[in-house]
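Novice: Given only the sequences and the hints, what does the whole structure look like? Please build it.
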Amino acid sequence: MVGPEGNRNVVTAADLSARSLGIRIGMPATQAQALVAELVVQEADPDGDSASLDRLAVWALRYSPVAAADPPDGLVLDTTGADHLHGGEEAMLADISGRLAAAGVRARLAISDTWGASYALARVSADERAIVPAGRTAEVLAGVPISALRLDPNTIADLRKLGFDQIRDLEATSRAPLTLRFGPLVCRRLDQAFGRAAEPIEPVRPPDVVEVRRVFAEPIAAPETIHRYLGKLVGQLCAALEERGLGARRMDLLFGRVDDEVQAVRVGTSTATRDVKRLTRLLGDKIETVEPGFGIETMRLAATLAEPLHPKQTISSLTEEPDADVAGLIDVLANRVGEDRVYRYAAVASDVPERAVARVAAAALASDDEWPAGWPRPARLLQPPEAIETLALLPDHPPVSFTWRGIRRRVKRADGPERVFGEWWKADPELVAVRDYFRVEDDAGERFWIFRAGDGENAATGSQRWYLHGIFA
Amino acid sequence: MSYFELQCTSHFSFLRGASSCEELFAHAATIGIGGLAIVDRNSLAGIVRAHEAAKVTGIRMIVGCRLDLVDGMSMLVYPTDRAAYARLCRLLSVGKKRGGKAKCVLEWLDVLEYGEGLIAVLVPDEADEICALRLKRLADGFGDRAYMALTLRRRPNDQLRIHDLSNMAARFRVSTVATNDVLFHEPHRRILQDVVTCIRNGTTIDHVGFRRERHADRYLKPPEEMGRLFPRNPEAVARTTEIAARCTFSLDELAYQYPEERTMPGLTPQQALEKLTWGGVKDRYPEGLPDEVKEKLDHELALIERLGYAPYFLTVNSIVRFARSREILCQGRGSAATPPSVTSSGSRRSTPSATTSCSSASSPRNAASRPTSTSTSSTNAAKR
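Residue numbers (my numbering), protein chains in the order written: chain H, 95 to 567; chain D, 268 to 651.
The hints are simulated quantities; they were obtained by calculation from the structure and are not laboratory data. Every value quoted in this text rests on a predicted model; they were computed, and no experiment measured them. Incorrect hints may have been included.
[What the hints assert, rightly or not] Stretch by stretch, here's where chain H covers chain D in the computed footprint (C-beta under 8 Å, at least three residues):
| hint | stretch |
| --- | --- |
| 1 | 447-459 |
| 2 | 485-491 |
[Unchecked claim] Heads up, incomplete: computed chain H residues facing chain D, CB under 10 Å, no partners named:
| hint | residue |
| --- | --- |
| 3 | Trp469 |
| 4 | Arg471 |
| 5 | Val514 |
| 6 | Trp518 |
| 7 | Arg533 |
| 8 | Thr555 |
Beta carbons: idealized from backbone N, C-alpha and C, even for Gly.
Specialist: Pasting the structure below:
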């Protein structure tokens with residue numbers, strides 16, 4: 095990518111292969127072309143870039159209600175109180191980078207206490223997904239080079255000339271001469287990175303979102319007051335949703351504080367809903383996480399994810415009992431303990447025991463798959479199967495005895511083998527893999543499900559070692 | 268130890284079997300199986316290829332068929348002789364005519380009607396009441412020609428199932444026989460089998476789920492392994508040999524059969540042909556039969572008698588007679604249909620003495636190559 099800088103063209107961006115050939119950002123375009131004969135040069139399009147970055151910021155709202163573009167090449171998200179919907183910080187980062195990669199964007203991600211620190215870590219950390227635990231930002235930042243401080247390149251070059259290399263060097267210097275020499279920005283960036291100065295994020299708002307807001311003449315702070323207005327906002331939002339035939343799946347409640355800081359609460363629901371009572375309760379549970387500071391000036395409530403929800407006729411028969419609706423319970427639990435911790439198990443049509451069950455969303459519809467009746471399966475499945483010592487005749491016989499967790503058990507009765515083949519379309523080693531399962535009963539009448547990896551004859555089918563895979567109730 | 272695999276499905280059971288007859292027989296030869304019975308579903312389509320493969324490999328081939336009846340009962344049938352084979356073919360024709368394309372609708376009563384001389388093996392699922400009912404039906408209908416298949420499925424309670432089934436068979440005085448329900452010749456073909464199952468169900472391998480073949484180990488196993496797998500039922504394994512011995516029918520018994528041609532009641536075709544010939548001679552040679560022609564006719568009639576071709580010439584005669592009655596121009600074609608006996612019997616109008624006799628040359632004693640049927644061909648006629 096080549097763009098004008100002053101009266102000459104310079105390289106503004108280069109991909110990995112170009113960089114490996116010696117192309118550097120900031121290098122004059124003519125020099126780059128002289129260096130690599132077959133260089134593919136394209137005109138930079140800063141306006142297009144920033145527009146697409148804005149679109150990406152809108153997309154990032156799925157993760158957090160406070161997201162904004164951080165030009166020229168970054169996104170910033172305030173994920174406080176939002177990560178639990180995605181299974182925690184780590185899972186959320188993995189999800190973000192996975193989705194971006196699927197769209198052809200290679201991303202470096204960092205989570206920390208402040209915008210400045212995350213900015214620096216995302217650019218200099220060796221790890222593509224860096225997470226700094228709360229409160230440890232200062233020690234991590236100390237070793238970061240000053241180039242990651244969001245200062246202009248000239249300032250950084252001058253600081254380098256003075257011998258400042260890492261942030262800890264700057265921290266150790268007295269501030270007055272620095273401010274005198276370089277202006278106030280250097281110290282402000284330092285303060286922002288360490289969290290000593292506030293740095294509000296002005297979130298992008300996605301188009302076409304059902305949103306209601308309330309501006310307070312007098313800032314409010316008491317939880318009861320917040321609660322009262324919350325109820326009113328939810329009522330308005332639900333009315334607006336009903337007008338459009340929509341139901342909320344995800345709602346963002348944003349509090350604009352007097353000091354321009356934005357606090358956010360996000361809740362998700364398992365099914366589309368516009369039940370005022372239920373939504374108020376969900377949001378109300380979260381209000382305690384909000385820090386009102388010197389007072390809240392505005393409250394905005396938006397249904398950032400909405401699905402069509404049409405009025406349904408209720409059962410009018412006197413005899414029929416309506417099905418209990420557990421969606422409300424699921425939502426309360428999911429928003430308290432995390433969405434990934436509320437789930438159901440569903441049968442999967444697979445002969446491999448580990449794959450015969452899957453976690454599905456708590457509100458998912460029942461699937462048609464069913465396990466075959468009459469094939470006993472243990473109530474408990476060990477994950478992973480545990481290796482056991484056995485004494486067995488190959489190839490068809492169950493073990494005479496086996497030792498599991500240090501206890502030797504004599505096999506009284508056995509049924510098998512049940513032969514389970516690998517699912518060859520899943521992985522190459524499963525092309526020939528075989529397991530022979532036996533149901534065995536020991537002296538005490540306890541029943542176990544054990545298997546031999548391999549068919550007992552052909553070495554290619556498995557290691558011929560024995561494992562205990564389940565315990566019958 | 269000898270073992271005959273009596274339940275092999277070839278790929279002529281479309282989208283079920285995954286191995287060709289050639290592969291099945293070649294593999295059987297390497298692992299020492301005495302013989303294979305190809306039992307495709309409601310079809311005998313595979314047996315010709317199987318017959319050829321059996322000849323190449325030197326392994327015995329037993330003709331068989333798996334009948335899936337509309338009430339869900341499945342049985343294997345093996346014709347013991349040629350007449351039974353004919354009845355089996357007739358039975359399948361009846362079923363296919365009823366079912367239309369790619370379907371075969373058969374009821375138990377049909378099987379009974381055409382079941383004479385067939386050995387019937389019940390393919391049971393679980394040892395339950397339905398199975399008992401079917402077994403009783405089979406035992407009543409087929410007597411000592413009824414058997415029940417014992418097949419390991421490698422699924423939970425397998426041994427118990429085999430035990431219950433063999434007890435039930437003993438209760439109805441039906442013998443059991445070990446089969447392996449083979450779908451492919453060697454273990455690695457399972458992948459192809461899964462794929463064809465997906466095609467049959469119109470789905471992908473990720474979504475086919477439990478519609479895959481769930482009973483494992485559907486490949487050919489050596490006799491020793493079969494013996495090892497049925498330690499409590501050695502007689503069932505041995506009985507495969509017994510059934511193979513009872514099925515004496517071989518495809519070699521089938522040869523081309525010319526339809527009957529009876530122009531003159533009370534006379535054999537040969538007598539009829541001779542009568543027509545000598546009758547025709549009088550019209551053709553009013554002034555008396557030259558010795559040369561008579562010699563030729565005697566020679567040809569003897570040859571025709573030896574090869575049993577008389578019905579064919581009678582067919583030609585009746586076609587020509589019909590054509591003449593409608594004033595359709597008709598001329599013999601090629602060398603095959605124009606020996607003097609033909610012209611003499613009135614089939615042709617040319618003078619026999621002008622033709623060269625070539626019936627000896629054109630009727631090789633190979634029964635498979637019959638003289639081609641007559642049709643008008645002016646080019647050939649003009650040549651003469």
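Novice: Mind listing which of the numbered hints don't hold for this structure, in increasing order?
Specialist: 2
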